[in-house]
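S.K.: Single-letter residue listing:
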Amino acid sequence: MNILTDFPISLIVLCSGLGLILIGLWGMLTQRNMIRMIIGFSLTDTGIHMVMVSIGYITAGTAPIINAAVPMNEAVNMVVDPVPSALVLTAIVIGLGVTAVMLAFVVRIYKARRTLMIDECTESKW
Amino acid sequence: MIKRMFIFAMLALMAVIFFNLVANYSENTSLSKLGHYYVENGPQELGAANLVTAVVVTYRGLDTLGEVTVLFISAAGVGLLLRRTRRNQDDDKGLKKGDRAEETANVNMHKPASEIVETATELLLPMIILFGVYVFMNGHLSPGGGFQGGAIIASGTMFMLLALPESHISRLMIAITESLSGFSYVVVGVLGVVFAGGFLDNRIMDLGTYGDLFSAGAIPLIYTLVGLKVGFELSAVLDRFRKEDTGPV
Numbered sequence: 001m002n003i004l005t006d007f008p009i010s011l012i013v014l015c016s017g018l019g020l021i022l023i024g025l026w027g028m029l030t031q032r033n034m035i036r037m038i039i040g041f042s043l044t045d046t047g048i049h050m051v052m053v054s055i056g057y058i059t060a061g062t063a064p065i066i067n068a069a070v071p072m073n074e075a076v077n078m079v080v081d082p083v084p085s086a087l088v089l090t091a092i093v094i095g096l097g098v099t100a101v102m103l104a105f106v107v108r109i110y111k112a113r114r115t116l117m118i119d120e121c122t123e124s125k126w
Numbered sequence: 001m002i003k004r005m006f007i008f009a010m011l012a013l014m015a016v017i018f019f020n021l022v023a024n025y026s027e028n029t030s031l032s033k034l035g036h037y038y039v040e041n042g043p044q045e046l047g048a049a050n051l052v053t054a055v056v057v058t059y060r061g062l063d064t065l066g067e068v069t070v071l072f073i074s075a076a077g078v079g080l081l082l083r084r085t086r087r088n089q090d091d092d093k094g095l096k097k098g099d100r101a102e103e104t105a106n107v108n109m110h111k112p113a114s115e116i117v118e119t120a121t122e123l124l125l126p127m128i129i130l131f132g133v134y135v136f137m138n139g140h141l142s143p144g145g146g147f148q149g150g151a152i153i154a155s156g157t158m159f160m161l162l163a164l165p166e167s168h169i170s171r172l173m174i175a176i177t178e179s180l181s182g183f184s185y186v187v188v189g190v191l192g193v194v195f196a197g198g199f200l201d202n203r204i205m206d207l208g209t210y211g212d213l214f215s216a217g218a219i220p221l222i223y224t225l226v227g228l229k230v231g232f233e234l235s236a237v238l239d240r241f242r243k244e245d246t247g248p249v
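For the record, the sequence lines run as chains G and S. The first sequence begins at 1 in the numbering used here and counts up by one. The second sequence begins at 1 in the numbering used here and counts up by one.
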């Protein structure tokens, strides 16, 4: 039994990513502290990035950068898919922007209420 | 309690979906059609050694412009939420006396960083910024690019804000650099429509020798603009999150 063929690297990354998504969802749904909810969001975000990267992996592929080790005419058989990597690059930046705005909201709520608990901000709850 | 059960039931269902995904997963052994096209034609068409850069900057350049816009809007949102206006200061005064006194005490208790940290910051900060510039200038040749380089520059700013809390970042300088680089990015994109194949086409400049620093047409230019914009935007966001945020503008 060969561990590399039974558990390919992308499967490990995929499972870790899906696990992170679940942990993050659990954190967002059960925690009442807003900072912890944001941490949950970041975990889910990271998990989704890992899933996307693992889907783009090609068996025994290397980084999609042409150099002495990856000559231009053989690159097609040697590199991983560059499209998911580019998408993840975009997704990381968007996630960062969303997290920054959420944290700014928390700072404002804390300034107004002196609390981080979501249960005490109920007047806009429907 | 029933809510909690509901949450766990939902998570369990998600786990079932994910389990099915994993159970039927098999690793790809060849590139997708789109990826195959990009890997096969990217180097000759665009002259970029880093194919992720070719996809991000040129093939999907419009997405990157949108991404930069989203980052700009979120930086503007943070600035709007955390600004210190007269009204906000009045709000602060309305707080309980104890809280206010505690806050003032905290600010006064702010110890300056030690000699070692200050000297190390002055020594390392130029190098960190230089490394950030290196990463975004070489985005078409090596791993890295505008966003990564910008994040490194912002980490340098973070370092400075932590080690030298008294340091002042000029908001005006940030605003001017950010606006100019964003504007030039769009101008380069429009030049692509006029002189080459379409919006954000990098072949408005000579492709140059493959693998050189100044090659791949407009990609180094675009990534420099993106790097400057991202670096200054993230620095502005970090600056806004400072507690002693009382500077003008």
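Worth flagging that the hints you see were computed from the coordinates, not collected in a lab. C-beta: ideal position from N, C-alpha, C; glycine also. Do not take every clue at face value.
To be verified - List time: in silico SDA-like cross-link candidates among lysine to any residue, alpha-carbon distance up to 20 Å: (1) S:K33 / G:G61; (2) S:K33 / G:N73; (3) S:K33 / G:C121; (4) G:K111 / S:G77; (5) S:K3 / G:Q31; (6) S:K3 / G:G40; (7) S:K3 / G:M72; (8) S:K33 / G:N33; (9) S:K33 / G:W26; (10) S:K33 / G:I65; (11) S:K33 / S:R60; (12) S:K3 / G:T59; (13) S:K3 / G:M28; (14) G:K111 / S:R240; (15) S:K3 / G:W26; (16) G:K111 / S:K3; (17) S:K3 / G:I65; (18) G:K111 / S:L238; (19) G:K111 / G:R32; (20) S:K33 / G:I38; (21) S:K3 / G:L29; (22) S:K33 / G:Q31; (23) S:K3 / G:D119; (24) S:K33 / G:S85; (25) G:K111 / G:I65; (26) S:K3 / G:M37; (27) S:K3 / G:S85; (28) S:K3 / G:Y57; (29) G:K111 / S:R242; (30) S:K33 / G:G40; (31) S:K33 / G:T59; (32) S:K3 / G:M117; (33) S:K33 / G:M117; (34) G:K111 / G:C121; (35) G:K111 / S:K33; (36) G:K111 / G:G61.
Stated by the list, open to error - Short derived list, chain G residues pointing at chain S, Cβ under 10 Å: (37) M34; (38) I35; (39) I39; (40) A60.
S.K.: Give a verdict on every hint.
M.R.: Taking the hints in turn, this is what the structure says about them:
no.: 1; hint: S:K33 / G:G61; result: holds, 16 Å
no.: 2; hint: S:K33 / G:N73; result: holds, 17 Å
no.: 3; hint: S:K33 / G:C121; result: violated, 50 Å
no.: 4; hint: G:K111 / S:G77; result: holds, 17 Å
no.: 5; hint: S:K3 / G:Q31; result: holds, 13 Å
no.: 6; hint: S:K3 / G:G40; result: holds, 18 Å
no.: 7; hint: S:K3 / G:M72; result: violated, 56 Å
no.: 8; hint: S:K33 / G:N33; result: violated, 45 Å
no.: 9; hint: S:K33 / G:W26; result: violated, 37 Å
no.: 10; hint: S:K33 / G:I65; result: holds, 18 Å
no.: 11; hint: S:K33 / S:R60; result: holds, 16 Å
no.: 12; hint: S:K3 / G:T59; result: violated, 43 Å
no.: 13; hint: S:K3 / G:M28; result: holds, 14 Å
no.: 14; hint: G:K111 / S:R240; result: holds, 15 Å
no.: 15; hint: S:K3 / G:W26; result: holds, 13 Å
no.: 16; hint: G:K111 / S:K3; result: violated, 30 Å
no.: 17; hint: S:K3 / G:I65; result: violated, 49 Å
no.: 18; hint: G:K111 / S:L238; result: holds, 18 Å
no.: 19; hint: G:K111 / G:R32; result: holds, 18 Å
no.: 20; hint: S:K33 / G:I38; result: violated, 37 Å
no.: 21; hint: S:K3 / G:L29; result: holds, 10 Å
no.: 22; hint: S:K33 / G:Q31; result: violated, 43 Å
no.: 23; hint: S:K3 / G:D119; result: holds, 14 Å
no.: 24; hint: S:K33 / G:S85; result: holds, 16 Å
no.: 25; hint: G:K111 / G:I65; result: violated, 48 Å
no.: 26; hint: S:K3 / G:M37; result: holds, 17 Å
no.: 27; hint: S:K3 / G:S85; result: violated, 38 Å
no.: 28; hint: S:K3 / G:Y57; result: violated, 39 Å
no.: 29; hint: G:K111 / S:R242; result: holds, 14 Å
no.: 30; hint: S:K33 / G:G40; result: violated, 35 Å
no.: 31; hint: S:K33 / G:T59; result: holds, 16 Å
no.: 32; hint: S:K3 / G:M117; result: holds, 18 Å
no.: 33; hint: S:K33 / G:M117; result: violated, 49 Å
no.: 34; hint: G:K111 / G:C121; result: holds, 13 Å
no.: 35; hint: G:K111 / S:K33; result: violated, 52 Å
no.: 36; hint: G:K111 / G:G61; result: violated, 50 Å
no.: 37; hint: M34; result: violated, 14 Å
no.: 38; hint: I35; result: violated, 13 Å
no.: 39; hint: I39; result: violated, 16 Å
no.: 40; hint: A60; result: holds, 9 Å
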